[in-house]
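Q: Protein chains in written order, with the numbering used here: chain P, 1 to 165; chain V, 1 to 165; chain E, 1 to 165; chain X, 1 to 165.
You may find that some hints are simply not true.
In silico lysine-lysine, BS3-like type, Cα no more than 30 Å apart, as pairs [stated by the list, open to error]:
no., chain 1, residue 1, chain 2, residue 2
1, E, LYS148, X, LYS32
2, X, LYS156, E, LYS36
3, X, LYS36, V, LYS32
4, P, LYS135, V, LYS64
5, V, LYS60, P, LYS135
6, E, LYS74, X, LYS32
7, V, LYS76, P, LYS153
8, P, LYS89, V, LYS99
9, V, LYS32, P, LYS101
10, X, LYS135, E, LYS101
11, E, LYS32, E, LYS101
12, E, LYS151, X, LYS156
13, E, LYS36, E, LYS60
Pairwise CB distance ranges (calculated) [said to hold, decoys possible]:
no., chain 1, residue 1, chain 2, residue 2, range
14, P, ASN95, V, LYS96, 53 to 59 Å
15, V, ARG164, E, SER41, 20 to 26 Å
16, V, VAL23, E, TYR97, 36 to 42 Å
17, X, LEU65, P, LYS151, 32 to 38 Å
18, P, ASN134, V, ILE47, 46 to 52 Å
19, E, LYS74, X, THR136, 28 to 34 Å
Read the hints as simulated data drawn from the structure, not as lab findings. Only a predicted model underlies this, so the values are computations on that prediction, with no experimental measurement involved. From the three backbone atoms N, C-alpha and C, an ideal C-beta is built for every residue, glycine too.
There are 4 protein chains.
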Amino acid sequence: MITIFNTGGTFNKAYDELLGRLVVLNDNKIIKTILKNSFKSNPTPAIKGLIYKDSLDINKQDRKLLLKKIQKCKSKKIIIIHGTDTMNKTAKFLNKYIKNKVIIFVGAMKPFSIEPIEATANLMSAYGFLQTKNKTGVYISMNGLIEKYNKIKKNKTIGVFECRK
Amino acid sequence: MITIFNTGGTFNKAYDELLGRLVVLNDNKIIKTILKNSFKSNPTPAIKGLIYKDSLDINKQDRKLLLKKIQKCKSKKIIIIHGTDTMNKTAKFLNKYIKNKVIIFVGAMKPFSIEPIEATANLMSAYGFLQTKNKTGVYISMNGLIEKYNKIKKNKTIGVFECRK
Amino acid sequence: MITIFNTGGTFNKAYDELLGRLVVLNDNKIIKTILKNSFKSNPTPAIKGLIYKDSLDINKQDRKLLLKKIQKCKSKKIIIIHGTDTMNKTAKFLNKYIKNKVIIFVGAMKPFSIEPIEATANLMSAYGFLQTKNKTGVYISMNGLIEKYNKIKKNKTIGVFECRK
Amino acid sequence: MITIFNTGGTFNKAYDELLGRLVVLNDNKIIKTILKNSFKSNPTPAIKGLIYKDSLDINKQDRKLLLKKIQKCKSKKIIIIHGTDTMNKTAKFLNKYIKNKVIIFVGAMKPFSIEPIEATANLMSAYGFLQTKNKTGVYISMNGLIEKYNKIKKNKTIGVFECRK
Chain P
1 MITIFNTGGT
11 FNKAYDELLG
21 RLVVLNDNKI
31 IKTILKNSFK
41 SNPTPAIKGL
51 IYKDSLDINK
61 QDRKLLLKKI
71 QKCKSKKIII
81 IHGTDTMNKT
91 AKFLNKYIKN
101 KVIIFVGAMK
111 PFSIEPIEAT
121 ANLMSAYGFL
131 QTKNKTGVYI
141 SMNGLIEKYN
151 KIKKNKTIGV
161 FECRK
Chain V
1 MITIFNTGGT
11 FNKAYDELLG
21 RLVVLNDNKI
31 IKTILKNSFK
41 SNPTPAIKGL
51 IYKDSLDINK
61 QDRKLLLKKI
71 QKCKSKKIII
81 IHGTDTMNKT
91 AKFLNKYIKN
101 KVIIFVGAMK
111 PFSIEPIEAT
121 ANLMSAYGFL
131 QTKNKTGVYI
141 SMNGLIEKYN
151 KIKKNKTIGV
161 FECRK
Chain E
1 MITIFNTGGT
11 FNKAYDELLG
21 RLVVLNDNKI
31 IKTILKNSFK
41 SNPTPAIKGL
51 IYKDSLDINK
61 QDRKLLLKKI
71 QKCKSKKIII
81 IHGTDTMNKT
91 AKFLNKYIKN
101 KVIIFVGAMK
111 PFSIEPIEAT
121 ANLMSAYGFL
131 QTKNKTGVYI
141 SMNGLIEKYN
151 KIKKNKTIGV
161 FECRK
Chain X
1 MITIFNTGGT
11 FNKAYDELLG
21 RLVVLNDNKI
31 IKTILKNSFK
41 SNPTPAIKGL
51 IYKDSLDINK
61 QDRKLLLKKI
71 QKCKSKKIII
81 IHGTDTMNKT
91 AKFLNKYIKN
101 KVIIFVGAMK
111 PFSIEPIEAT
121 ANLMSAYGFL
131 QTKNKTGVYI
141 SMNGLIEKYN
151 KIKKNKTIGV
161 FECRK
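Could you put together the complete structure from these sequences and hints?
A: If you want it as structure tokens, here you go:
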């Protein structure tokens with residue numbers, strides 16, 4: 001069984017008409033929409049929501065909370081929806097403490113609510129990767145790359161995750 | 001390297017205003033849109049288009065053509081976009097002749113041009129699955145299931161691929 | 001007050017996964033979606049649904065039913081959602097019998113469920129036209145033209161309503 | 001002939017991946033998309049772009065520039081795309097100086113790039129209104145209301161234009 005931990009990030013941003021700007025939704029509506037349309041009546045991964053922040057605002061306490069929740073979770077296969085700016089930092093932190101699970105970070109350069117393809121692709125390629133993976137470790141699934149977290153990083157100049165040189 | 005063979009199917013249907021109905025596009029525009037939005041500037045799978053039919057119209061000659069093209073293709077990892085109604089039949093046919101590659105069939109219950117999430121999810125979960133797969137064989141990736149072609153089938157009553165009982 | 005009579009047509013077509021093709025919805029869901037997003041909390045036109053057919057299938061009895069319903073309706077301002085192929089025919093029929101109301105036919109070359117802009121534009125330009133209109137008569141609002149029903153017609157070769165020459 | 005003056009506003013906002021937020025586009029792409037889908041091959045209103053700002057940033061000089069451009073424009077029928085926060089202020093300013101034209105302000109509570117229905121509806125109901133209007137004056141077309149600029153205003157608490165009491 002796979003569990004999706006949803007921490008927020010651009011993936012989960014939607015337009016707030018009253019504020020006149022994008023906000024991180026503090027629920028799992030976006031992920032549920034993707035799973036509903038993809039899986040239809042088939043069983044889906046479980047979803048656990050927490051933190052719900054832009055990743056620039058995720059702090060040490062948030063990371064400790066996430067660690068604790070993952071350690072308590074029975075799933076060996078974990079997907080974490082997370083903002084792209086500090087994804088590598090959270091991945092590095094979890095990598096220190098979690099040795100017996102496979103964890104894949106997923107985010108989006110564009111909110112699903114504005115452009116649904118990239119977010120869906122990043123999430124579902126992680127899902128496909130987990131179907132066969134028996135190994136453990138911490139990965140990132142972004143823009144067609146599914147690699148160990150320290151092998152790829154965000155190129156902020158052009159807005160895409162790339163292999164580290 | 002992964003090569004995507006595009007044979008058409010509901011995945012590639014779009015509305016033709018002059019005919020007043022959905023037609024199978026005879027190009028690879030839909031797949032290119034998904035890859036462009038997902039991979040951005042990263043290298044994508046190659047795409048080869050052929051047949052471009054509703055799967056109910058795919059005949060023996062079409063299957064032989066597809067077989068020949070896959071045998072000639074250097075990629076060991078193949079994704080085939082194919083209509084859902086005879087996907088299992090084409091999979092069974094290819095399974096007889098191709099032993100040294102991994103092949104995954106992908107389709108959609110709804111055209112990408114009408115509902116982009118399911119088609120993107122089916123394709124990209126196949127893509128993720130191929131990242132780690134060293135085994136060979138013929139698979140289907142539909143509605144969150146990625147299984148050997150003879151393990152799942154379309155439930156036409158409710159419109160979803162399910163595990164065979 | 002404006003009343004919208006919804007008779008179906010391409011405007012109201014949506015994809016049926018089980019049938020594998022577009023069908024005319026037999027409800028007013030599409031129109032309600034447009035009005036909800038456009039008017040928000042403001043009062044909207046009333047909606048009355050009937051017939052729900054592709055306009056090629058609308059027959060004499062359907063037109064008589066529509067006439068009767070419009071005659072009974074208290075609104076002096078009527079919008080009729082109608083398929084494009086026989087829109088002029090139904091308009092001509094109503095024009096014979098209804099003298100004290102303004103009626104505007106609205107359709108779409110593409111289903112709202114596939115491309116929402118054209119259908120919304122045809123409907124809402126008719127709505128705007130009705131804000132100032134005190135005259136009576138039967139009109140068509142399609143593709144930026146809002147004219148007496150016998151002044152414009154569908155060009156089936158290029159898929160657009162044009163002025164008659 | 002109708003001319004559309006495009007000053008920017010939420011109507012024209014789109015997501016900038018590199019900045020990670022919505023920005024007012026400094027071109028007329030959004031309006032062209034609406035007109036292209038609505039009018040197809042029929043002649044459309046002319047578009048003139050200027051200012052391209054969030055309406056909170058529109059200043060006295062911007063308003064003078066807009067006034068000058070409208071006075072020079074030969075069209076008697078003008079649509080102005082404008083942010084909603086200071087729409088009434090710009091309308092009041094133009095109303096002092098322009099007596100021989102009909103002007104309609106149009107905006108959107110949600111960017112077209114996120115939710116296309118409201119923006120299309122506000123613009124096209126203004127367009128329909130202009131088909132019959134021979135009177136002069138300054139109007140606002142928002143959320144199903146097309147009224148003199150001083151008759152309606154934005155309700156910021158619920159995010160909709162309403163009649164003034």
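Q: Could you work out which of the previously given hints the structure breaks and list their numbers from low to high?
A: 4, 5, 6, 8, 9, 12, 13, 14, 15, 17 and 18
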